[in-house]
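> What follows is the residue order along each chain.
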Amino acid sequence: MDEPTILDAQELEINMGPQHPATHGVLRIKLKLDGERVLDADCVIGYLHRGVEKISENRTYTKCLPYYDRTDYIAAVSNALGYVLGVEKMMEIEVPERAVYIRVMMTEFNRIASHLVWLGTHAMDIGALTVFLYGFREREEILKLFEDLFGARLTTHAFRIGGLWMDLPPGFVEAARRFIDDFPTKVDEYEQLLTNNRIWLDRTKGVGVISGEEAIDFGLSGPPLRGSGVPYDVRRARPYGGYDQFDFDVPVGEHGDTYDRYLIRMEEMRQSRRIIQQVLDRLPGGPIRGKVPRVIKPSVGEYYSAIEGPRGELGYYIVSDGSAVPFRVRIRPPTFINLQALKRMVKGALVADVIAIIGTLDVVLGEIDR
Amino acid sequence: MNEENKPGQPAPEGPSEGKTGDSSEAPAAAPKPAAPAGAGEVKEAKPKPAAAKKPPVKKGPSYEDLTDDPLLKDLRERFPDGILSGQTFLGQPIYTVSLNVLTEVMVYLRQSDQWAFDYLVDLTCLDYIGDEKRICMVYHLYSHKSGRLIRIKARAAADEMVPSMAPFWRTADWLEREAYDMFGVEFSGHPDLRRILLPDDWLGYPLRKDYDIKLQDQAWIRNHLRIRKVPE
Numbered sequence: 001m002d003e004p005t006i007l008d009a010q011e012l013e014i015n016m017g018p019q020h021p022a023t024h025g026v027l028r029i030k031l032k033l034d035g036e037r038v039l040d041a042d043c044v045i046g047y048l049h050r051g052v053e054k055i056s057e058n059r060t061y062t063k064c065l066p067y068y069d070r071t072d073y074i075a076a077v078s079n080a081l082g083y084v085l086g087v088e089k090m091m092e093i094e095v096p097e098r099a100v101y102i103r104v105m106m107t108e109f110n111r112i113a114s115h116l117v118w119l120g121t122h123a124m125d126i127g128a129l130t131v132f133l134y135g136f137r138e139r140e141e142i143l144k145l146f147e148d149l150f151g152a153r154l155t156t157h158a159f160r161i162g163g164l165w166m167d168l169p170p171g172f173v174e175a176a177r178r179f180i181d182d183f184p185t186k187v188d189e190y191e192q193l194l195t196n197n198r199i200w201l202d203r204t205k206g207v208g209v210i211s212g213e214e215a216i217d218f219g220l221s222g223p224p225l226r227g228s229g230v231p232y233d234v235r236r237a238r239p240y241g242g243y244d245q246f247d248f249d250v251p252v253g254e255h256g257d258t259y260d261r262y263l264i265r266m267e268e269m270r271q272s273r274r275i276i277q278q279v280l281d282r283l284p285g286g287p288i289r290g291k292v293p294r295v296i297k298p299s300v301g302e303y304y305s306a307i308e309g310p311r312g313e314l315g316y317y318i319v320s321d322g323s324a325v326p327f328r329v330r331i332r333p334p335t336f337i338n339l340q341a342l343k344r345m346v347k348g349a350l351v352a353d354v355i356a357i358i359g360t361l362d363v364v365l366g367e368i369d370r
Numbered sequence: 001m002n003e004e005n006k007p008g009q010p011a012p013e014g015p016s017e018g019k020t021g022d023s024s025e026a027p028a029a030a031p032k033p034a035a036p037a038g039a040g041e042v043k044e045a046k047p048k049p050a051a052a053k054k055p056p057v058k059k060g061p062s063y064e065d066l067t068d069d070p071l072l073k074d075l076r077e078r079f080p081d082g083i084l085s086g087q088t089f090l091g092q093p094i095y096t097v098s099l100n101v102l103t104e105v106m107v108y109l110r111q112s113d114q115w116a117f118d119y120l121v122d123l124t125c126l127d128y129i130g131d132e133k134r135i136c137m138v139y140h141l142y143s144h145k146s147g148r149l150i151r152i153k154a155r156a157a158a159d160e161m162v163p164s165m166a167p168f169w170r171t172a173d174w175l176e177r178e179a180y181d182m183f184g185v186e187f188s189g190h191p192d193l194r195r196i197l198l199p200d201d202w203l204g205y206p207l208r209k210d211y212d213i214k215l216q217d218q219a220w221i222r223n224h225l226r227i228r229k230v231p232e
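Sequences listed follow chains A and B, in order. 292 is the number that the working numbering gives to position 292 of the first sequence; each next residue is one higher, with no gaps. 116 is the number that the working numbering gives to position 116 of the second sequence; each next residue is one higher, with no gaps.
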C-alpha cells in the first residue's frame with residue numbers, strides 16, 4: 001500500500017473493440033482503468049463511415065432514399081419517414097390518409113422490432129440469453145410483415161415521396177392483427193424473465209445514472225432522455241405524419257438508470273402496439289400515393305424534419321437550392337449524440353457495467369458513422 | 001413583401017445565394033469535371049434560371065420576414081448590430097446573426113428564463129462555395145419549457161475561427177468535431193478539436209462543395225490499405 005509496486009499498476013489503458021461482440025458493431029472504446037474501475041473512456045468511431053451526406057448531394061431527391069435505410073439498419077422503416085415528410089413539406093405534396101395510417105403502423109412495427117433487437121442483445125450482453133431467443137421469435141414475425149409489404153426484411157426502402165410503393169397485400173391486416181393480439185402476452189413473458197430477476201436488478205439498477213439536467217446538456221433524446229424524467233418525445237412535442245390522431249402514453253423514468261430505461265422501452269412496445277391497434281381499427285380506404293411531380297425540385301429553402309425514431313430524435317435538415325439534387329441533407333443522428341454521454345456515464349463504473357451502458361444507449365454504428 | 005424578399009433577403013443566407021455571381025460561367029463547365037474545384041459549380045448553376053422564372057409561376061413555399069416576433073424584437077434590442085435578419089420558412093423561424101455576437105446570443109438564449117433554449121438539437125454547416133463568407137453555421141435550438149424550435153445561422157469565412165459552443169452545451173463537443181472533420185471549420189475554445197469520423201491523418205474536408213465525390217486521399221489509402229493503384 002505504501003510503496004507502489006508492479007502489482008498496483010494504477011492506470012491501465014485497454015482497447016475495447018472495434019471487434020467486440022458487446023459493442024453492437026464496430027465501436028472502439030479506449031478505456032482507462034484502475035483495476036476494475038473505469039477512470040476515463042474515449043470512443044473511437046467512424047469505422048463504418050460511408051459519407052451518406054455527401055452521397056445525398058450527388059443524387060436526386062428520390063434516389064437518396066435507399067441510402068437512409070442503410071444508416072440505422074435496425075430501424076430502416078422509420079428512417080425513411082423523416083426525410084420523406086420533409087421533402088413532401090417542401091414540395092407541398094398532400095399524402096392520402098390511407099398512406100399516412102399505413103406509415104404510422106409500419107413505423108410502430110419497426111419500433112417494436114428495433115426494441116426487440118435492443119432487448120435481446122442488451123440482455124444477452126448482461127448474461128440473460130433466453131430473452132434474446134424469445135425476442136427474435138416475435139421480431140421474425142414483424143420482418144415477415146415487412147417482407148410482405150416492402151419486399152425486403154432489412155433494407156426496406158419503405159416509404160416513397162408522396163405515399164407508398166404498394167398497397168397492403170391480401171392477408172396483411174389479418175396477420176398484423178394476429179400479431180398484436182398475441183403481443184401483450186409476449187411482452188409479459190419478457191418481463192417475467194427480467195423485471196424482478198435478482199441478477200437483472202443488480203446489473204441494471206443504479207448503473208449509468210444520468211440526471212435530467214445533464215441529459216439535456218448532452219442533448220440526449222429517446223429513451224435515454226425520458227429515463228431521466230424529461231418527457232420529450234417528438235411525436236408529442238412536434239407531431240408529424242399523423243401522430244396527433246392517435247392516443248398513446250409517453251413513459252418517463254425517475255432515476256435515469258439502466259433499469260428505468262429498460263422499463264421505458266418495454267412500455268413503449270406496449271404503446272406502439274396500442275397505436276397499431278388504432279390504425280387497424282380505423283384504417284381508411286382510398287389511394288396510397290398523392291400527386292407527385294415527375295421531377296422533385298423543391299423551391300429554394302430549407303426544412304428541418306424530425307421524427308421520434310426508436311433511438312431518439314432523428315432529424316433531416318434538408319436544404320434546397322432549387323435544383324433536382326439536394327444542396328445538403330444533414331442527418332441528425334440520435335445515437336451519435338447519445339453515445340457522447342457514454343464517457344460521462346461510465347466514469348467510475350466497473351468494466352462489466354460499460355457493456356450494460358453501451359447496451360442501454362442502444363447504439364447502432366451504421367447510423368453513428370453514416 | 002415576398003417580391004422584395006426574394007432577390008434581397010436570401011443574400012445573407014438563402015441557399016442559392018452566391019451562385020448568382022459565378023453561375024454565368026458555370027454552365028460551360030464539363031458535366032463531369034476531373035478537377036475538384038469544378039465539382040460544386042456544376043450543380044449550383046441551376047438556381048439562377050429557377051429564380052428568374054419564379055415570380056410569374058409563384059410556386060412552392062418561400063422565405064418570409066418575421067413580423068411581430070417577440071424573440072426577434074428582444075434580440076434586436078439586446079444586440080442592435082448583431083442580428084442580421086429574422087425569417088421564416090414553412091413556419092420554422094431562422095435568425096441570422098453576425099459571427100462576433102454568436103456566442104453572446106447563444107448564451108443569452110440558453111440562460112434567459114424567458115426563452116430557456118436549453119437543448120441544442122443539432123449543429124451543422126453549409127458550404128456556399130464562391131462566397132466571401134462561404135461557411136454557414138446552422139444551430140437548431142429547442143426549449144423544453146416553451147416547446148419552440150428555432151434555427152440560428154451565422155456566416156464565416158473559410159479560414160475564420162468560429163466560437164465553440166462546447167462550453168455551454170456538451171452536445172456541441174462531438175458535433176463540432178464532426179463539422180471540423182467534414183468542413184474544416186476551426187472552433188475557438190473547443191476542448192478537443194480533432195477528426196471524429198475520418199482517420200486522423202486524412203487530408204481534405206469531404207463535405208465541402210469543392211471536394212468531388214470521387215475524390216479520395218490517395219496517399220492515405222496507399223499507405224494504410226496497401227492498395228497500390230486506386231481506381232480513379
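Treat the hints as calculated values from the structure; they're not laboratory data. Some hints could be false.
Claimed, not checked - Cross-link-like lysine-lysine pairs, in silico, DSS-like; alpha carbons within 27 Å at most:
#	chain 1	residue 1	chain 2	residue 2
1	B	K153	A	K297
2	B	K153	A	K89
3	A	K297	B	K214
4	A	K343	A	K30
Said to hold, decoys possible - Where chain B lies over chain A, by a calculated footprint (3+ residues, C-beta under 8 Å):
#	segment
5	50–56
6	87–94
7	328–338
Every residue, glycine too, gets a C-beta built ideally from N, C-alpha and C.
> Please go over all the hints and tell whether each is borne out by the structure.
Verification of the supplied hints:
1. With a CA separation close to 24 Å, the supplied pair B:K153 and A:K297 stays within the 27 Å bound.
2. Using a Cα cut-off of 27 Å, the hinted pair B:K153 and A:K89 holds, with the two alpha carbons roughly 21 Å apart.
3. For the proposed pair A:K297 and B:K214, the alpha carbon gap of about 25 Å is at most 27 Å, so the pair holds.
4. For the proposed pair A:K343 and A:K30, the alpha carbon gap of about 10 Å is at most 27 Å, so the pair holds.
5. Under the rule that three or more residues need a Cβ within less than 8 Å of chain B, the assignment of the segment 50–56 of chain A holds, with 4 such residues.
6. By the rule of at least three residues with a Cβ nearer than 8 Å to a Cβ of chain B, the coverage given for the segment 87–94 of chain A holds, with 4 such residues.
7. By the rule of at least three residues with a Cβ nearer than 8 Å to a Cβ of chain B, the coverage given for the segment 328–338 of chain A holds, with 5 such residues.
Checked against the numbered hints listed earlier, the structure breaks none of them; every hint is satisfied.
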